[in-house]
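**Q** Taken in order, these protein sequences are the chains called A and B. Position 352 of the first sequence, counting from 1, maps to 408 under the working numbering, and the rest follow consecutively. Position 49 of the second sequence, counting from 1, maps to 80 under the working numbering, and the rest follow consecutively.
What the hints contain is simulated information worked out from the structure, not anything from laboratory work. Given the structure is predicted, the values throughout are model-derived calculations rather than measurements. Some hints here could point you the wrong way.
[To be verified] Heads up, simulated DSBU-like pairs for lysine-lysine below, C-alpha to C-alpha not over 35 Å straight-line:
hint, chain 1, residue 1, chain 2, residue 2
1, B, Lys103, A, Lys138
2, A, Lys194, B, Lys103
3, B, Lys142, A, Lys138
[As the list claims (entries may be wrong)] Residues from chain A that face chain B, not an exhaustive set, calculated with beta carbons under 8 Å:
hint, residue
4, Phe116
5, Pro136
6, Ser149
7, Phe162
8, Trp387
Yeah, the Cβ is synthetic: ideal placement off N, Cα and C, and Gly gets one too.
Chain by chain, the residues:
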Amino acid sequence: MDSTAHIAMSGVTLTGIRKTYGVRTVLQQINMELAQGELVCLLGPSGCGKTTLLRILAGFEVPDSGQVMLNGQDVTHLPPNKRRMGMVFQAYSLFPNMTALQNVRFGPRVRGLGDAKAQAVEAERLLAMVGLAAHVNKFPHQLSGGQQQRVALARALAVKPDILLLDEPLSALDAKVRTQLRSEIRRIQQETGITTVFVTHDQEEALSISDRVAVMSEGHVLQMAPPHEIYGAPADGFVARFIGAGGVLPGRAEAQGVRMGTVFLPAHAATRFAAGTEVDLFLRPEHVTLTGADLAIPVGAVSAVVQEMTFFGSLTRIKLGLAQGSEGEFWADSPSDLAGRFTIGMPVWASWSPASPRVLAR
Amino acid sequence: MSGAIITAESEAVAQAPVPRPRKAYGARTSLSLFNWIVLGLGGIFFFVPLLVTALFSLWEGGNTYGWSAYDKMLHTPGFWDSLFLSLRLAAETIILSFILMVPAMIFVHLKAPKLKPLFEFISNLPFVIPAIALIDGLTTLYTGPTWLISTPNYLVIPYFFLALPYAYRSLDVGLSTLDVRTLTEACQSLGAGWGQIIFLVLLPNLRTALVGAVMLILTTVIGEFTFASVLLFHTFAVFINDTGQNEITEASALTIFAFLLVWLFMLGVILTGRKGAATVGGAH
Numbered sequence: 057m058d059s060t061a062h063i064a065m066s067g068v069t070l071t072g073i074r075k076t077y078g079v080r081t082v083l084q085q086i087n088m089e090l091a092q093g094e095l096v097c098l099l100g101p102s103g104c105g106k107t108t109l110l111r112i113l114a115g116f117e118v119p120d121s122g123q124v125m126l127n128g129q130d131v132t133h134l135p136p137n138k139r140r141m142g143m144v145f146q147a148y149s150l151f152p153n154m155t156a157l158q159n160v161r162f163g164p165r166v167r168g169l170g171d172a173k174a175q176a177v178e179a180e181r182l183l184a185m186v187g188l189a190a191h192v193n194k195f196p197h198q199l200s201g202g203q204q205q206r207v208a209l210a211r212a213l214a215v216k217p218d219i220l221l222l223d224e225p226l227s228a229l230d231a232k233v234r235t236q237l238r239s240e241i242r243r244i245q246q247e248t249g250i251t252t253v254f255v256t257h258d259q260e261e262a263l264s265i266s267d268r269v270a271v272m273s274e275g276h277v278l279q280m281a282p283p284h285e286i287y288g289a290p291a292d293g294f295v296a297r298f299i300g301a302g303g304v305l306p307g308r309a310e311a312q313g314v315r316m317g318t319v320f321l322p323a324h325a326a327t328r329f330a331a332g333t334e335v336d337l338f339l340r341p342e343h344v345t346l347t348g349a350d351l352a353i354p355v356g357a358v359s360a361v362v363q364e365m366t367f368f369g370s371l372t373r374i375k376l377g378l379a380q381g382s383e384g385e386f387w388a389d390s391p392s393d394l395a396g397r398f399t400i401g402m403p404v405w406a407s408w409s410p411a412s413p414r415v416l417a418r
Numbered sequence: 032m033s034g035a036i037i038t039a040e041s042e043a044v045a046q047a048p049v050p051r052p053r054k055a056y057g058a059r060t061s062l063s064l065f066n067w068i069v070l071g072l073g074g075i076f077f078f079v080p081l082l083v084t085a086l087f088s089l090w091e092g093g094n095t096y097g098w099s100a101y102d103k104m105l106h107t108p109g110f111w112d113s114l115f116l117s118l119r120l121a122a123e124t125i126i127l128s129f130i131l132m133v134p135a136m137i138f139v140h141l142k143a144p145k146l147k148p149l150f151e152f153i154s155n156l157p158f159v160i161p162a163i164a165l166i167d168g169l170t171t172l173y174t175g176p177t178w179l180i181s182t183p184n185y186l187v188i189p190y191f192f193l194a195l196p197y198a199y200r201s202l203d204v205g206l207s208t209l210d211v212r213t214l215t216e217a218c219q220s221l222g223a224g225w226g227q228i229i230f231l232v233l234l235p236n237l238r239t240a241l242v243g244a245v246m247l248i249l250t251t252v253i254g255e256f257t258f259a260s261v262l263l264f265h266t267f268a269v270f271i272n273d274t275g276q277n278e279i280t281e282a283s284a285l286t287i288f289a290f291l292l293v294w295l296f297m298l299g300v301i302l303t304g305r306k307g308a309a310t311v312g313g314a315h
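With the rest of the complex left out, here is chain B (with noise of 0.2 Å):
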């Protein structure tokens, strides 16, 4: 095979002749008057009650202000127990989302595009069920193993029902942006099997869609209290609530944690999605 060399320099200045920036779908240089008083009332009705709360998290009683009850928050027994607790199992549930979900949903991209709309409908399912009716259906159904059924691990499995329409959007929206089938066939023209196609190139270019999943299960799991309540189980929800029956300051510094920790994973999201973004097309 000889090496002529041949120059495609000609062809990108014809293609490409001024690289400009440029500006994302929508964007505007400038907010209207309008703009910004919808944004000021939106942001008001959105900062004012966690300004409140975080205010009321730092009253001592009186006129006194303080970190007591976030200090308090920290020592108090089974505060850490219950949001590791929360944290394992919503690892638990992005597991077996993604376990059970990403080859699912690229098999229906890739070979049955018509029973999308039959995933969909599952997909919605249980925004429409009760948790108390998933409960009673799960408990009456789910016979297994002790180290299952008698342990929070067994809120894995509603929790993954629960997180499902979340992780479900996630994960189209990001098949959707690629273009599934022709990778896929690229990938088999050059030899690669199942594996090698979707951790060496669907996954890589999901990055954005699996990191949102992540984190919408991530804080759908730590924000659910009615199952573990239901079924006794002591998750970080749980431990609010309870605290809030008795410490009603530390149930705010509570709140402000809560509220803070899913900001960090939501700001984990943005930089992650930012830095991972696949890009579809060409520079024309």
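This is chain A alone, in the form it adopts within the complex (with noise of 0.2 Å):
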């Protein structure tokens, strides 16, 4: 999805958005258009601003400066019970007075959307759809966290919203249940095409269900592209640091690498910066692959040392320093079932292909 397309189709757009609590800013110049349809997952570390930027989209904090735009319309100062919002909480929020049916038809119910029986037809509809039809008639505490949460989508998606607003749903469940909720929201979202901001610190989650990731941190949007983009092209180091696990080894580029001391890392990416430049090389472990110092040296390849094992299940993480006293570590993968033939300690040929590492500047 190209950025015309996004702006051609856009549900929601922000721009310039900026949000101060005393001297600490916590949002700063947020520019965001975000097309119909689609989800998309704030992610960063606690206190990047991810939360309140939802929350300025629900209208339960007003920005010092910038604009909310939903379908062409200003919402900047529109109170939250007056926008056409659905939001799932962190917190288990279902009112502990009424049933699944009587939460999921509170807002129909207040909003005045068809008769009762109608709200009560479609709130049974949404109850089934969320796995929960034989426990419509529970209380939330009769309820598990997993089911109070479904039933907490479904009572946001009940009032038919423009936008769905799900601000770290999964955070206080098991990873069980995270796993089968997060792929079914992804499921429902895609049934119901409503537009989804989804707030998360989980990168593994982010990635799994997002159309487009915006990665934040102290206030910024860093990158804001499909988790492929994110994963296979960050924008800067803190990016490439976040998502996914890699080696940072900082260097001078050259010609078709980086010279770190007197080891010279392949890197094609290298050759967009002036010989000399100071840069970081990142590297994916999956891209990684080791030989023994015995075997025959392959080409390009770095002499290294196993410094630390991680099993995973099907594959074991191999942490590895540069044999030539330079500085900085890095990562292979290697399927657990070869892994064996290396020890901690063990020398050990690293290469790659010169096309795989990503060349930032520092």
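Two chains, two separate frames, one set of hints: put the complex together.
**A** Take a look at the structure:
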């Protein structure tokens, strides 16, 4: 989806959003376009401003400056109950005095959408859609955490929102339920075609369900792109380090590579920089191949030493240090059934395709 | 919007595999001998005076016991008037307290939690200001229409202050058990205005706290003597005191009656609290 298409179909536009609390600036000049039916994840470490941005979208916070447009209408100062937005919160937010059905009916009831019977029928349909047809008459305290979040999702969808806002809705759930529910959220979002903003600090969650990911840090959106682009072509060192695993090796750009002391690290991307420029070479573990030091040197390989091995089930992640005294560490992934030939302290040859590494300005 | 069916059953099984009956926090299966002794001594301390008062209220002179004091009490001029006056004043105090305190406390919990210590301090003032000082201050400060100043309705003002610590505590505990902010924001995101938030969501979930506050205000007002006596209004407490000047067994009967009335209210609290207890969290 290119940027032109985004603008043409835009459901939500944020322009120059800035927010401060006292002397602390939480959001700085945020500009963002969301296409109709798109799922965008706001991803970043704690305190990066992602939840504040979501709350501005919801209307719970008013930006110090900037504009929020929803389907061409300026809603910057519109109170939350006047916006057509559904929200699922991180904390369990079901109304304890109401059953699942009554919770889902609440939105249509207060907005006067249809008569009581139609509201109940629609609520039952939505609860069936989230897999809770057998639990419609249960109160929140009779439901598990995952079930409560499903009801919250159905409740948010019941008001037929223009935009669905999800504020870390899975963070209170255990890993298995989280994985299951996130794929269901994605499926429901695609079925309903509702523009969705999903806040998370879990990169795996963001990469697995998003159309685009906005990586945030210290109140800025550093990169907003499809997951594969975020992973494969991080815009800067922060994004590279924050998304996925990878080694960062500092050096100076040379033709077709990066010089790190006496070691030459092949990388076609270094040609973008003038020779001698200080750069970081960023290398994903899946791009690194290891060969025993007793075997022939592969083309372009560097000498390294195994420092650490971490078992992840099907693969083992091996931490490496450069053998020739240079600082910097990187990783290599090896199928676990082959990783047994390496041991900690063992010298190895590490090689990679020169097209794989990213070279980033320092 | 298509209606694809997805299952939550496996998740439910994974999260809550074996529903087990949960004990209340601190619940114990049995009491030790020491616990029974402490409970027994407490019971004696509590019930013996009541029992003796009840027996005395039945005494008709010599070795004769009967219900004459109760019969006389019910037919004494002013009994029903004073009782209904106290109940009416209690109802008015409850209404005034809720109108003033519920929105204020929701506001403090939502928008100005830093003001909570100030509210706590204000709510404790009635404990440290003597009743007579409060009356003097009120009669100096408050002027107004005749229907307020010259009638027992005037008592509602000091009664509000008198019941403030109890009503505040009850509501504060109720609000603290709810995630007021998240519930409010959930309501707003669904399109609810403040009236709908308060009446459809917050108040129903505060039912236990509200009933508790109602009962505490009711018992406080029914038992209040100083304000009414000094301001020359004949409330139920003043009636008990006046009766006790001349008819001592009837005064005992009134005391037992008032005690049972209060216990009836407390029973209401317990029963309503059980039915309306809001449970926060999930079945994990």
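**Q** Going by Cβ atoms only, is Phe162 of chain A closer than 8 Å to chain B?
**A** It holds, given that the least Cβ distance between Phe162 of chain A and chain B is near 6 Å, below 8 Å.
**Q** Would you check the hint for Lys103 of chain B and Lys138 of chain A, treating anything up to 35 Å between C-alpha atoms as holding?
**A** Violated, at roughly 64 Å.
**Q** Would the hint on Trp387 of chain A be counted as holding, given a Cβ-Cβ threshold of 8 Å to chain B?
**A** violated (33 Å)
**Q** Should the hint that Phe116 of chain A touches chain B count as held when the rule is a Cβ pair under 8 Å?
**A** It holds, given that the least Cβ distance between Phe116 of chain A and chain B is near 6 Å, below 8 Å.
**Q** Does the CB of Ser149 of chain A sit less than 8 Å away from some CB of chain B?
**A** holds (4 Å)
**Q** Just to be careful, I want the Cα atoms of Lys142 of chain B and Lys138 of chain A compared with a cutoff of 35 Å; is the pair within it?
**A** Distance of about 20 Å is within 35 Å: holds.
**Q** Given the hinted pair Lys194 of chain A and Lys103 of chain B, is their alpha-carbon gap at most 35 Å?
**A** violated (54 Å)
**Q** Quick check on Pro136 of chain A please, does its C-beta sit within 8 Å of some C-beta on chain B?
**A** Because about 4 Å separates Pro136 of chain A from the closest Cβ in chain B, which is inside the 8 Å limit, the hint holds.
Of the hints listed earlier, those the structure fails to meet are numbers 1, 2 and 8, in rising order.
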